[in-house]
Amino acid sequence: MSENKVITVHDLSKIYRIDERSGYKTLCDSINRFCSRCLEKLKNGGRSGPQTANYVWALKGISFDVKKGQKVGIIGRNGSGKTTLLKVLSRITYPTEGYAQVTGKVATLLEVGTGFHPELTGRDNVYLSGAILGMKKAEIMRKFDEIITFAELEKFVDTPVKHYSSGMFVRLAFSVAAHLDSDIVFVDETLAVGDLAFQKKCLGKIDDIAKSGRTVLFVTHQMNQVRRICDCCIWLDSGSIRYFGPTPETVSAYEAMMGSLVRTDERADSGGYYRARFLKWEITQPLGPKPNAIDTTGAVEVDFSLKINTPVRHGRHGIALFNSEGQLVWGAAAESLKLDAGLHTLKYKLSSLPLKPGYYYWLVTIYEENTLLDSWYCFPELLISTLPLASRWDNSAGFLNLPYQFHIASDK
Amino acid sequence: MIRPSRGWSSINLKEIWDYRELLYFLVWREIKVRYKQTLLGAAWAIIQPLSMMIVFTLFFGKFVKVPHSNVPYPLFSYSALLPWMLFSEGLGRSAQSVIVDGRIINKVYFPRLILPVSGVITPLVDFVFAFAVFLGIMFYYGVVPDARIIFLPLFVGLALITSMAAGFWLSAINVQYRDVRYTIPFLTQLWFFASPVVYSSASMPKSWQFFYSLNPMVGVIEGFRWVLLGTEPPGHMIVASTAITLIVLILGAFYYRKTEKTFADVV
Numbered sequence: 000m001s002e003n004k005v006i007t008v009h010d011l012s013k014i015y016r017i018d019e020r021s022g023y024k025t026l027c028d029s030i031n032r033f034c035s036r037c038l039e040k041l042k043n044g045g046r047s048g049p050q051t052a053n054y055v056w057a058l059k060g061i062s063f064d065v066k067k068g069q070k071v072g073i074i075g076r077n078g079s080g081k082t083t084l085l086k087v088l089s090r091i092t093y094p095t096e097g098y099a100q101v102t103g104k105v106a107t108l109l110e111v112g113t114g115f116h117p118e119l120t121g122r123d124n125v126y127l128s129g130a131i132l133g134m135k136k137a138e139i140m141r142k143f144d145e146i147i148t149f150a151e152l153e154k155f156v157d158t159p160v161k162h163y164s165s166g167m168f169v170r171l172a173f174s175v176a177a178h179l180d181s182d183i184v185f186v187d188e189t190l191a192v193g194d195l196a197f198q199k200k201c202l203g204k205i206d207d208i209a210k211s212g213r214t215v216l217f218v219t220h221q222m223n224q225v226r227r228i229c230d231c232c233i234w235l236d237s238g239s240i241r242y243f244g245p246t247p248e249t250v251s252a253y254e255a256m257m258g259s260l261v262r263t264d265e266r267a268d269s270g271g272y273y274r275a276r277f278l279k280w281e282i283t284q285p286l287g288p289k290p291n292a293i294d295t296t297g298a299v300e301v302d303f304s305l306k307i308n309t310p311v312r313h314g315r316h317g318i319a320l321f322n323s324e325g326q327l328v329w330g331a332a333a334e335s336l337k338l339d340a341g342l343h344t345l346k347y348k349l350s351s352l353p354l355k356p357g358y359y360y361w362l363v364t365i366y367e368e369n370t371l372l373d374s375w376y377c378f379p380e381l382l383i384s385t386l387p388l389a390s391r392w393d394n395s396a397g398f399l400n401l402p403y404q405f406h407i408a409s410d411k
Numbered sequence: 000m001i002r003p004s005r006g007w008s009s010i011n012l013k014e015i016w017d018y019r020e021l022l023y024f025l026v027w028r029e030i031k032v033r034y035k036q037t038l039l040g041a042a043w044a045i046i047q048p049l050s051m052m053i054v055f056t057l058f059f060g061k062f063v064k065v066p067h068s069n070v071p072y073p074l075f076s077y078s079a080l081l082p083w084m085l086f087s088e089g090l091g092r093s094a095q096s097v098i099v100d101g102r103i104i105n106k107v108y109f110p111r112l113i114l115p116v117s118g119v120i121t122p123l124v125d126f127v128f129a130f131a132v133f134l135g136i137m138f139y140y141g142v143v144p145d146a147r148i149i150f151l152p153l154f155v156g157l158a159l160i161t162s163m164a165a166g167f168w169l170s171a172i173n174v175q176y177r178d179v180r181y182t183i184p185f186l187t188q189l190w191f192f193a194s195p196v197v198y199s200s201a202s203m204p205k206s207w208q209f210f211y212s213l214n215p216m217v218g219v220i221e222g223f224r225w226v227l228l229g230t231e232p233p234g235h236m237i238v239a240s241t242a243i244t245l246i247v248l249i250l251g252a253f254y255y256r257k258t259e260k261t262f263a264d265v266v
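Chains as they are written, first to last, in numbering that gives the first Met the number 0: chain A, 0 to 411; chain B, 0 to 266.
Be a bit skeptical, because a hint or two may be false.
Derived SDA-like pairs (lysine to any residue); straight-line CA-CA distance at most 25 Å [unchecked claim]:
no.	chain 1	residue 1	chain 2	residue 2
1	B	31	A	152
2	A	355	A	223
3	B	31	A	138
4	B	35	A	164
5	A	104	B	150
6	B	35	B	142
7	B	31	A	159
8	A	135	B	103
Some chain A residues well away from chain B (every beta-carbon gap over 10 Å; in silico) [to be verified]:
no.	residue
9	79
10	99
11	209
12	274
Covered stretches of chain A, going by a simulated chain B footprint (3 or more residues, C-beta under 8 Å) [stated by the list, open to error]:
no.	segment
13	84-98
14	103-110
15	124-131
Don't read these hints as lab results, they were simulated from the structure.
Using N, Cα and C, we set each Cβ at its ideal position, and we do this for glycine too.
Please model the complete structure; the sequences and the hints are all you need to start from.
Dropping the structure here:
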């Protein structure tokens with residue numbers, strides 16, 4: 000094996016039995032199953048019955064190498080095996096086939112706040128969580144002040160964590176995780192947490208970790224982060240590597256695929272009774288090749304189809320638009336709606352939607368007084384593909400893609 | 000090297016030793032959390048054995064008059080409750096340990112054997128408090144332990160090993176079959192009556208002695224009484240039961256290592 004390869008993965012596969020992941024076995028079940036299998040064998044004259052368990056390949060035939068100091072992004076849709084890959088590499092779970100070799104001390108950060116106990120104080124939790132994540136006591140003691148200062152919690156060190164706000168909690172948890180010493184870091188998603196100012200700090204810290212020469216495997220849905228941090232990317236698709244290459248290429252290919260996915264435009268009818276249900280959404284103005292894409296900063300009209308089965312008397316309806324990082328971009332609400340049974344179209348007319356290019360999600364809801372009748376994260380996503388108007392080097396300046404003019408007036 | 004593995008694996012004591020600080024912090028967490036959550040905190044370590052001693056003294060000492068080899072009944076029962084509570088508390092904690100910390104198992108790697116081991120070690124802290132009270136009671140009755148007390152750690156060790164042996168098996172099975180949780184109180188209770196806590200093992204009929212003393216807790220409790228109160232020493236059967244316990248412990252550790260590979264997928 001070459002000197003500078005720190006991670007080698009060869010033909011790695013992992014199978015899950017679906018009924019194993021959900022629900023626990025009881026002794027009674029096992030005995031039942033054993034008995035019925037025996038009966039079956041008797042009936043079939045000694046041959047065992049067909050395998051009824053459902054299997055899913057979470058990973059299938061994965062092979063790749065990572066060199067020392069490389070930052071590798073792992074991208075892909077939900078359920079494509081990204082987290083499973085990290086879990087196998089960090090020895091939390093075992094592969095079914097193939098092998099992997101990881102050389103060096105590993106820090107695994109799959110969630111914020113691993114091992115935290117709500118009853119214990121901030122100080123205690125730094126030690127506990129640090130130890131669980133693999134730090135030595137002396138190391139925690141040395142870094143303790145730094146951790147607390149980074150989390151901005153100097154005043155609350157001796158307060159039980161259960162009295163922390165959720166923001167304080169994630170700040171402390173992130174700070175512990177960020178101060179781990181290791182050669183290799185496996186990071187899963189949403190580590191940038193808390194309020195906006197702290198998020199920036201987190202991103203900065205992640206950048207620092209990335210620049211410090213450590214090897215990083217980074218699972219995320221946030222393409223901006225991947226672009227900024229990672230040299231190359233693995234694109235996972237249903238457990239297999241769809242593409243492995245330099246970040247710009249891989250991310251572009253991935254985004255192109257996400258945009259061109261053939262989708263059923265109508266929301267699947269779950270069958271059974273429902274009182275109200277959103278069925279589909281589309282952009283009616285301007286009409287483009289795709290009913291979910293906009294390439295203008297001008298006026299936009301959007302329709303949402305709502306089917307009502309039982310008349311709604313005191314209806315309330317809300318709409319919200321989120322960006323791909325889950326931040327609320329815009330929202331509105333309407334009250335005292337009277338809707339008879341039948342199909343309705345809720346029409347929104349926006350004089351402009353000057354958002355930066357990317358993916359956005361509509362969330363629409365319908366209530367009868369305070370009872371939620373339906374809420375829908377609209378599918379497909381809203382794709383905004385206007386050209387960025389701001390400087391193309393600026394990838395951090397806010398949500399908006401505003402038409403603007405700039406000039407300098409100088410007095411002579 | 001990460002490979003598929005379904006068979007038996009070595010116990011890897013070195014790795015557990017490398018993670019001894021985590022073991023320390025897990026024990027420390029349990030104790031600290033209990034002191035935070037309870038009004039009486041450390042007092043519980045004393046209240047439990049004391050109140051049981053009082054109840055046993057009343058019913059078995061005064062009313063039923065169980066034979067108890069010339070030792071005041073409170074001392075007789077408390078000296079047995081000391082190792083018994085160490086054992087049963089450790090058994091319960093370690094059997095539940097993998098389930099309780101399932102979340103961590105799913106998020107980070109560490110030698111999994113540490114979990115049941117920490118469950119067995121945690122009650123040692125209570126034991127120390129309870130033992131201090133015992134010294135007080137001995138003083139009250141004017142009983143002074145002699146040089147035999149140096150053997151005490153041996154019997155404490157045997158109690159820990161016994162609860163660890165049962166804990167390894169139960170915690171590993173518990174992940175697969177949640178029935179174990181309901182079996183533990185029941186199992187502990189049966190074991191309690193099969194151990195000479197409220198009665199003396201001398202009251203067992205001769206024909207039963209052989210099977211009876213296969214229970215390692217018989218040797219532990221007799222050992223405690225011998226060391227602290229100067230009663231009859233435990234019979235030679237303690238060698239056999241210790242050997243059996245060690246075998247069960249080692250097999251349990253291997254069984255645990257074998258099943259731990261699926262913990263993260265199942266918990």
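Status of the hints after comparison with the structure:
no., hint, verdict
1, B:31 x A:152, "holds (22 Å)"
2, A:355 x A:223, "holds (12 Å)"
3, B:31 x A:138, "holds (21 Å)"
4, B:35 x A:164, "holds (20 Å)"
5, A:104 x B:150, "violated (42 Å)"
6, B:35 x B:142, "violated (36 Å)"
7, B:31 x A:159, "holds (12 Å)"
8, A:135 x B:103, "holds (17 Å)"
9, 79, "holds (18 Å)"
10, 99, "violated (4 Å)"
11, 209, "holds (21 Å)"
12, 274, "holds (37 Å)"
13, 84-98, "holds (count 13)"
14, 103-110, "holds (count 4)"
15, 124-131, "holds (count 4)"
Hint check: violations occur at hints 5, 6 and 10; the rest are consistent with the structure.
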